[in-house]
Amino acid sequence: MSSLARLRPLAIPALAVLSAFIVGSVFLIFTDIPALQVLFAGRPVDFLTTAFGNVVHAYVALLTGAFGDPPRFAEAIQQGTPQAWATAVRPLSETLVAATPLIFTGLAIAVSFRSGVFNIGGDGQFVLGALGATATALLLRGFPAPITLLASLVAGIVFGAAWGFIPGFLKARTGAHEVITTIMLNYVALQIVQLALRTDFMRPPKGSEPISQVIDFVRVPALLPLPGLRLHWGFVVALIVAAMVSYFLFRTTKGFELRSAGLNLTAARYAGMSAGGSIILAMVVSGALAGLGGAFQVLGTVTQMSNDIDAGYGWTAIALSLLGGNRPSGVIIAAILFGALNNGGHEMQIETAIPLDLLVFIQALVIMFVAAPDLVRQIYRLRPKSAEPGAPASEGAAA
Amino acid sequence: MTATAAPVNGLVPAVSEAARRAQRSARIRGIVIAALGLIAFGLASGSMTTDVTFKFWLQQQGKAFAQVDTSPGELWILAGIATGVTGIWQLWRGAAVRWRLWLVLWLPFWVIAIMGHLLVGQTAVLTNLFSSSLEYAFPISMGAFAAMICERSGMFDIAVEGQMLVGACAASIAGSMALQWLGPDAGTIAGPIVGPTVAALSGMAIGLLMAWLAIRYHVDQIISGTVVNFGALGLTNFMYLRVLQTYTDYNTPPTIEKIQIPLLADVPVLGPIFFQGTPYMYIGWIVMVVLTYFIFRTRWGLRLRASGEYPQAAATVGINVIAIRYRAMLLAGAIAGFAGSYLSLHSAGSFQMNMSAGKGWIAIAAMIFGAWNPIGAFGAALVFGFADAAQQLLSITGVDIPPQFLASVPYIMTVIVVAGVVGRVRGPAMAGQPYEQG
Numbered sequence: 599m600s601s602l603a604r605l606r607p608l609a610i611p612a613l614a615v616l617s618a619f620i621v622g623s624v625f626l627i628f629t630d631i632p633a634l635q636v637l638f639a640g641r642p643v644d645f646l647t648t649a650f651g652n653v654v655h656a657y658v659a660l661l662t663g664a665f666g667d668p669p670r671f672a673e674a675i676q677q678g679t680p681q682a683w684a685t686a687v688r689p690l691s692e693t694l695v696a697a698t699p700l701i702f703t704g705l706a707i708a709v710s711f712r713s714g715v716f717n718i719g720g721d722g723q724f725v726l727g728a729l730g731a732t733a734t735a736l737l738l739r740g741f742p743a744p745i746t747l748l749a750s751l752v753a754g755i756v757f758g759a760a761w762g763f764i765p766g767f768l769k770a771r772t773g774a775h776e777v778i779t780t781i782m783l784n785y786v787a788l789q790i791v792q793l794a795l796r797t798d799f800m801r802p803p804k805g806s807e808p809i810s811q812v813i814d815f816v817r818v819p820a821l822l823p824l825p826g827l828r829l830h831w832g833f834v835v836a837l838i839v840a841a842m843v844s845y846f847l848f849r850t851t852k853g854f855e856l857r858s859a860g861l862n863l864t865a866a867r868y869a870g871m872s873a874g875g876s877i878i879l880a881m882v883v884s885g886a887l888a889g890l891g892g893a894f895q896v897l898g899t900v901t902q903m904s905n906d907i908d909a910g911y912g913w914t915a916i917a918l919s920l921l922g923g924n925r926p927s928g929v930i931i932a933a934i935l936f937g938a939l940n941n942g943g944h945e946m947q948i949e950t951a952i953p954l955d956l957l958v959f960i961q962a963l964v965i966m967f968v969a970a971p972d973l974v975r976q977i978y979r980l981r982p983k984s985a986e987p988g989a990p991a992s993e994g995a996a997a
Numbered sequence: 004m005t006a007t008a009a010p011v012n013g014l015v016p017a018v019s020e021a022a023r024r025a026q027r028s029a030r031i032r033g034i035v036i037a038a039l040g041l042i043a044f045g046l047a048s049g050s051m052t053t054d055v056t057f058k059f060w061l062q063q064q065g066k067a068f069a070q071v072d073t074s075p076g077e078l079w080i081l082a083g084i085a086t087g088v089t090g091i092w093q094l095w096r097g098a099a100v101r102w103r104l105w106l107v108l109w110l111p112f113w114v115i116a117i118m119g120h121l122l123v124g125q126t127a128v129l130t131n132l133f134s135s136s137l138e139y140a141f142p143i144s145m146g147a148f149a150a151m152i153c154e155r156s157g158m159f160d161i162a163v164e165g166q167m168l169v170g171a172c173a174a175s176i177a178g179s180m181a182l183q184w185l186g187p188d189a190g191t192i193a194g195p196i197v198g199p200t201v202a203a204l205s206g207m208a209i210g211l212l213m214a215w216l217a218i219r220y221h222v223d224q225i226i227s228g229t230v231v232n233f234g235a236l237g238l239t240n241f242m243y244l245r246v247l248q249t250y251t252d253y254n255t256p257p258t259i260e261k262i263q264i265p266l267l268a269d270v271p272v273l274g275p276i277f278f279q280g281t282p283y284m285y286i287g288w289i290v291m292v293v294l295t296y297f298i299f300r301t302r303w304g305l306r307l308r309a310s311g312e313y314p315q316a317a318a319t320v321g322i323n324v325i326a327i328r329y330r331a332m333l334l335a336g337a338i339a340g341f342a343g344s345y346l347s348l349h350s351a352g353s354f355q356m357n358m359s360a361g362k363g364w365i366a367i368a369a370m371i372f373g374a375w376n377p378i379g380a381f382g383a384a385l386v387f388g389f390a391d392a393a394q395q396l397l398s399i400t401g402v403d404i405p406p407q408f409l410a411s412v413p414y415i416m417t418v419i420v421v422a423g424v425v426g427r428v429r430g431p432a433m434a435g436q437p438y439e440q441g
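From first to last, the protein sequence lines are chains A and B.
Going letter by letter, the first sequence gives residues 599 to 997 in our numbering.
Going letter by letter, the second sequence gives residues 4 to 441 in our numbering.
It is possible that part of the hints are untrue.
Listed next, the stretches of chain A that the computed footprint assigns to chain B, with coverage defined by at least 3 CB atoms under 8 Å from CB atoms of chain B [unchecked claim]:
| no. | stretch |
| --- | --- |
| 1 | 722-734 |
| 2 | 888-897 |
| 3 | 915-922 |
| 4 | 955-963 |
Derived coverage of chain B by chain A (criterion: at least 3 residues anywhere in the stretch with Cβ under 8 Å from a Cβ of chain A; other residues may be distant) [as the list claims (entries may be wrong)]:
| no. | stretch |
| --- | --- |
| 5 | 214-225 |
| 6 | 366-374 |
| 7 | 407-418 |
Calculated directly from the structure, the hints in this document are not laboratory data.
Even for Gly, the Cβ is constructed at its ideal location relative to N, Cα and C.
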């Protein structure tokens, strides 16, 4: 196999991202009211240059916001001070910070999708994990920080797993469709968080906003010894957990049972596997992963529980799990890509006043293109997959 | 039937076992209902002394038409009697009881008793409560109709939420543009027609996209639905922040006013509840009646249901399953988009971010609750609408229970309904399953 053929499995995701950005720029151009006014004034050439200029400006801001500005790096190498390095590395660090919760929720969704369960409830499991971690941290305030930190992380796992257990149990016992139940439990989880944030236990003294006390006394340690960078060990843990999930899914008996249930539930049942057990296990593992993500988000990144701690991570996770082929390795890459989009999007919003929500739309387009590979092949005139020998295996060749 | 069940369940369950299971769940249901009756009596004994006033209000004259003074204790006794009778009947007759119809007998008593309990010493204007329940039920029932048409045809439509959101946004923009271009006089007349029409068209476009992805490219329908919901939220938020927020002229559509039906609107009590609503309310009823007739009494309906239950068999008798599914998705999209226009053109008079706020999901729950039947779905939507209206009433009157608790009631109810704790209902067998034309 030549090195080019080895890259073939990446062609569809890459082209999907490209197509999504092209569609996104069409929407950018047609909502550029000042530029459109130029067009209606009868100056189409000016319209095109302005509108395209704006799109390029936006996407450049997105890139520099996500990965850093080359001149800043040059400056940092010349000066060599920690301050200069911190300034140069900050965008990259923020991208990884944004990617950390996405890796956890993405892994959660990947486990559930592999097991044939559609866990749309990543949001609810994430926020409850964060809530559990916050509550535990506040409860164990006096204890040594490492113990409190560990207990809070475990609490995040337990809360998330419990919130995943409910729809799993209902699906296994009564056949209730998990898409509906998880969605509903998302809303319920948000209400629980709002309710909890009004209690005196969570609220800072004299606070009226729905936001908890700052729990920086149990902060997850920072990864880089540079001032002002938020990147913490949660990212490394995310990578380790991804490796563990990969081992669990592809190297253990339980993992094999889950994947069998996902591929063909009837066949798995005939082979003597417990279908209900697989569904419950998948949902519990999935919820635990999302809950751990929530715990790291509150303990490492934001240090404060609030209503809007969850920026749609559960939904984004669906997108990036599909983009990553529901494989842990793919999830990591896709999460970093989406982290870069979200982080760069903030820069884009500041510089060009283009709303961050454009990227939500682009992410939706990415899922659409990835879910319809034949559509992408048709657009770019690629050879159909069936022409390749051993095609079904190629999906799994990457990791 | 067994042929369709076999690939799903693996084993064809014996009939006797199914009957035994039904009998057992009916018995459990009976015990639960009877126990609720006992609880009601227990609550009654604790609250015989306090007073609550309920007031029926006739709107035209601006004063009370009829007023019933009662106490929570009396209300609880009524609830206890109704619930107890139902529970005993259920225990006696077992699985033969159509429990869904019996809900109508005892559940309202509970609702009234709970409200009486919460509103001790205050006045509740029930006319307003019922009329706003009907109004709130409109988008939910229409969304439920949309999802139902899809599922009856064998498609899985979880994108109602996204279709509503896009419909709301499109209706606001289109209505505002009509107002701008046609001037205030013609625009106020044209806007309420153009807005909902464009909303329906945008819903159809999304329906077409989803059908195309699912049928042509075999995209899993849950994934394509997720794409639409996610993308609709991103797109409408983007439109709002980038265009509508700055250029507010594009977000000030003419609102749709309430219409009083002559003569009927003057009927005491019933008039203000049923005949003084927006056109949307009347359209909702018409759609319910028409859909019920078309799904169960026409050739189109039979074909629709056939392609949802057993597409292969439908295809053998010459039904074009693919075409039926495309048409169902288009019709459903139109209905959901139209329902979305209610959100922005009704009272708000503008589009706001994430306006649908989960109504599309509640609509799907209402469809399941209503057992894939238009009238049932409408009834379920009324229950959810009532929950909304009651929540507002309670928050206005300053009742001291956390609003989050009430806000999560519809969602918890949905989980319970979907989990089938109150009885299993069966949807179209092949909903969401891809169909290959052979």
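- Task: Return the numbers of the hints above that this structure violates; sort them in rising order.
- Result: Violated hints (numbers, rising): 1, 2; every other hint is consistent with the structure.
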